[in-house]
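Protein chains: 2
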Amino acid sequence: MINRLSFTFEDEKTQKKAFKAIEKEQQSIGYYALPDQDITPLLKYCDSISDTIDTIAVIGIGGSSLGAKAVYEFLKPLNGLTRKLYFFESTDPINITNLLSHIEFSKTHFLVISKSGTTVETFSIYKYIYSLQSDPTAYTFITDPDSPLETYAKEINSTVLHLPHNVGGRFSVLSTVGLVPLALCGIEIQALLNGAKEVKESFFYDGYLKDTLLKKATFYAKNHTQYNINCIFAYSETLKYFCEWYVQLWGESLGKHQRHSAFHVGLTPIGLIGPEDQHSFLQLIMEGTRDKSVTFIKIEDFHDNITIPDITLPHLEGLDTLNNLPFSKLINMQCDSVLESLEAQDDIPIDTIILPSVDENTIGSLLYYYELLTSLVGELIDVNTYNQPGVEAGKIILKKKLNQKER
Amino acid sequence: MINRLSFTFEDEKTQKKAFKAIEKEQQSIGYYALPDQDITPLLKYCDSISDTIDTIAVIGIGGSSLGAKAVYEFLKPLNGLTRKLYFFESTDPINITNLLSHIEFSKTHFLVISKSGTTVETFSIYKYIYSLQSDPTAYTFITDPDSPLETYAKEINSTVLHLPHNVGGRFSVLSTVGLVPLALCGIEIQALLNGAKEVKESFFYDGYLKDTLLKKATFYAKNHTQYNINCIFAYSETLKYFCEWYVQLWGESLGKHQRHSAFHVGLTPIGLIGPEDQHSFLQLIMEGTRDKSVTFIKIEDFHDNITIPDITLPHLEGLDTLNNLPFSKLINMQCDSVLESLEAQDDIPIDTIILPSVDENTIGSLLYYYELLTSLVGELIDVNTYNQPGVEAGKIILKKKLNQKER
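In the order they appear, the protein sequences are chains A and B. Take the first sequence: its position 153, counted from the start at 1, is 153 in the working numbering, and no numbers get skipped. Take the second sequence: its position 236, counted from the start at 1, is 236 in the working numbering, and no numbers get skipped.
For reference, chain A alone in the conformation it holds in the complex (with noise of 0.2 angstroms):
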């Protein structure tokens, strides 16, 4: 991948410090070994499913669903993958009935994906579709070792996977967490894994990644409070789920009081899709306040070779200058000129980044670079980009209804 910053930031100060404070993060912090793992067991793990199971069934959410979701919606289209995969993430009535309506539970592997076992979630789903397949061995278990789940899952007889010592949810594609539904699915695991320790190194070892990542995490830091959104405009409709993890992993990581001060600070995370996106939140970026930055995201291959038509429509004769035109090609010149038209503005900060082609090697690397830039602007805005107390208020809340005698 290739990363194009059309700002600029000086501050080799601040830039080293943020530097050293991530090199010396990896020893707590269990994603920035990912890339280097043994996934022998996964594979032999993998191995173990039967060729008769056509379907994996994910019941997780947020970190337990979102990562996986974003590489297998980026490669399905490619046709190669093995079995379809599906998540039940929510509580909507609605949705898990229309869900269930597309599965055979005697083709359906379901993998209960939570660190702590208690997420209300995905326990009130897995138990509704316990009561309808109560065969231990379709289901495995992914949580912490020595959890209450784990408990279960063993007495149950149902197989139980480990999730990695201080990896948090937004943070564990990577990991079993995404890796296992992934290769269950006939993705190349180990290219994912190649892709993100190519970014790993470029980083680490002074690589071209280097200079743009800490330029580019000490704009957004500086600017945080002008600059607070954040926008990616994702060429792509397959960088859809790319961008809701984006979401999560940003405002998630970034939305917090800040360590050292009174402060609440954050960055919003806002995911676009173009063309589409052109003739909706374009509008707002173009002459709305100059309070976002764009990060343009374009395939320079997408593997698909279909051509506008050399046809000549009556009274349309205009439209001549699309035929003949590649849609690969069309979709990258209107990127461009959306890019071009927000830089003539000079006030907001743009940046490109182009992938190769749709494939694991490529989403591995784009993940694992917004892993980095959020570590890295974590540390300089000075928040705990790792933990998320603001979400417990209001899991304590559905605790005392939930307990409440009238429901």
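Heads up, some of the hints might be wrong.
To be verified - Stretch by stretch, here's where chain A covers chain B in the computed footprint (C-beta under 8 angstroms, at least three residues): (1) 187-201; (2) 252-265; (3) 312-324.
Said to hold, decoys possible - Covered by chain A, according to a simulated footprint, are these stretches of chain B (three or more residues, beta-carbon under 8 angstroms): (4) 111-120; (5) 138-145.
No wet-lab data here; the hints were simulated from the structure. By construction, the Cβ of each residue, glycine as well, lies at the ideal position given by its N, Cα and C atoms.
Chain A is already provided as a structure; the job is to place chain B on it using the hints.
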């Protein structure tokens, strides 16, 4: 629908002035009158489409697709729909190929929707599909009267329907643009309009929504520099595309140069879905910068009574409080819990919209409510709510690129 505000804002003079301006706008802005239209001609047109057609495909982007998509996706789980509806919006070749794989040409009718008849996305896709299906009776064109597209369509003997006068794309869901695809799928469009009409009358004739809408709009406008991000937190998967429609409506209408100042202004829309986004964006709302308002939307009756079964999981007995709870009740308890946790913060403006059920009337009300709110806020922050000059620059650059020999 019910709308409860947890904030208040009394400024009778400003509210009166805004109301008068909106009352007057009815003379020049077409969408206000849409709930009162006679749909007989539209229904007659729909009857002319053969029963052998089981799929409707809209070729259109932005305002030509988002409204129908919002309504269709809201009502789809009800299972009463008579035809499938697809949307060709993107120039992404992977997306086009994928959508076409779901379509059988002999059973599909295409609706080509373009006001001007020059939309690049729409006509690239149309040309491509036309090269595969050249039967003119497979297409209906929806465009402005006397546009070059109308001339073209008549020349090839396709049906033409007109867009109403003075209705912009993002306000067009209750016009031909939205009503035709929806009616063709068996959706009761009169009930949709009736829902809108209830909101319209409540607002213009001193009903309960007049006071609420004016309070909310003046609060948003007055505080638009502090609370410049307006989140919808909708507790149902079925409202996901309503959120996308809202993002276009709000962002493209309210992100502008002010009419009587030198300033860029803008309110940034965010669409969230609960409970999933409790595990994503909630942390940022709860502990991040105080720049966000939140509107919770919940559905009282999901027409679905699946219930969490009375199962105790050994070692996970703490989850027994979930037993025997209908999912519809759980999801609303989750909504109330998050709402209460945010209200306790005191500096986050919150309101709640309660929708009685999943039906045409309900979604019609909700759409019109948001159109009125947008018009009011636009008037109050001194922008032209109905244009989108900021998207032109990119179009001009693209045109230049397309005209260059070397592409």
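Quick rundown of the hints versus the structure:
1. Coverage of the region 187-201 of chain B by chain A is violated in this model, with 0 residues showing a Cβ closer than 8 angstroms to a Cβ of that chain against a need of three.
2. As drawn, the region 252-265 of chain B meets chain A at 7 residues by the rule of a beta-carbon pair under 8 angstroms; at three or more, the given contact holds.
3. Residues of the region 312-324 of chain B with a Cβ under 8 angstroms from some Cβ of chain A number 9, which satisfies the need for three, so the listed coverage holds.
4. Counting residues of the region 111-120 of chain B whose C-beta lies closer than 8 angstroms to any C-beta of chain A gives 3; at least three are required, and the coverage claim holds.
5. Here the region 138-145 of chain B counts 0 residues with a CB under 8 angstroms from a CB of chain A, which misses the bar of 3, and the coverage is violated.
This entry does not satisfy hints 1, 5, going by the numbered hints stated previously.
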